[in-house]
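A.B. asks: If you want the building blocks of each chain, they are given just below.
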Amino acid sequence: MKITEETISVNTKHRNQMIDITSQVSSLVRQSPITAGDVIVYCPHTTAAITINENADPDVCHDILLTMSQLFPQHRAGYRHAEGNSDSHCKSSLFGCSEQILISNNSLSLGTWQGIYFCEFDGPRNRKVIVQIRGE
Amino acid sequence: MKITEETISVNTKHRNQMIDITSQVSSLVRQSPITAGDVIVYCPHTTAAITINENADPDVCHDILLTMSQLFPQHRAGYRHAEGNSDSHCKSSLFGCSEQILISNNSLSLGTWQGIYFCEFDGPRNRKVIVQIRGE
Amino acid sequence: MKITEETISVNTKHRNQMIDITSQVSSLVRQSPITAGDVIVYCPHTTAAITINENADPDVCHDILLTMSQLFPQHRAGYRHAEGNSDSHCKSSLFGCSEQILISNNSLSLGTWQGIYFCEFDGPRNRKVIVQIRGE
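Protein chains in written order, with my numbering: chain A, 289 to 424; chain B, 289 to 424; chain C, 289 to 424.
Hints listed in this document are in silico derivations from the structure and should not be mistaken for laboratory results. Accuracy of the hints is not assured; some may be wrong.
Treat identical chains as interchangeable: a pair holds within one or across any two.
Stated by the list, open to error - Below 25 Å or equal to it, Euclidean Cα-Cα: the simulated SDA-like pairs (lysine to any residue) are: (1) Lys301 / Gly399; (2) Lys290 / Ile322; (3) Lys290 / Asp347; (4) Lys301 / Thr400; (5) Lys416 / Asn299.
Please work from the sequences and hints to get the whole structure.
C.D. replies: So, in structure tokens, the structure goes:
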């Protein structure tokens, strides 16, 4: 098994934002020696996440973030965490801090409409994403 | 490391539906040459998901879908995406488009009550699921 | 590729509880012969989950559990599942039953503030967690 690992930098501009990182991940896969296997896209932050969703119509991301803001408002009676970002931590656990995408023929096996997103839930911040590519 | 990859077809009948695909995944694992490792069950669609939950009492799936429909109604003030399925995209990111199950002795290491479900959130549609089995 | 698998026991004390299992997982990684690769932390139960979130301020876990209890109350009109834990099954699918963490230099590559949590959503119970370590 071959394993390569790279880091992507993401600078976010808003408190809640979905940033398409598909092309960066795809480039790293094509530059790797791996033709079959998988890539793990891992977010080492606790108020952000990685998700896979539609990257054709940007209104989809707008509507996802709107929904999350309504269900998880920044302030909630009973919150104790003094940083004021308990909503961000909730969203991080619900979306999850990593995604795994299959690799065939040295390319990402994403569905037709799928893109890989870095989800910022407590920006703006300078973030990083770890990309581990594994296989044969 | 050995890697095999297969595709399962799933034809859904309702807008929201959980379909147990455990037996199909289990068969692919047993037919593979892999005795220890893992299987990735990957959904290449952006309005569907893969989850693991109880497969003993079908009322569990009923209650999960009821909960999701109440928290994520199809229409919400402010939605922009013209296809009318923004709720489906939200559910897809929250449940996640893949699950990973361990393999021991050429069999799935699921818990006693666990089954693998394809989650349709914008059906009825003809869907596919990619199953990658990896290990020794 | 080398693969090792171990089991951790977790005894929960409350109906909803997040228990930090980072040190146990970290010890298993250090005891393994694997220097680069990943670890899958897998929960074989359908009313519990695994998540990664902040382990510096315990108020973060308090606020996450508070949020989940408010959005997913134990009783909801229309629930059919007779065990009275449909909310627990929902939370399990939303948080997800496994997490994958990268390994570098025979150590977990967690972010500065990240810890690995076993999430109990229908306790108190005696639970187990499967830890599969894979790589070179």
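A.B. asks: Are there hints from earlier that the structure breaks, and if so, what are their numbers?
C.D. replies: As far as the earlier hints go, only 3 is violated by this structure.
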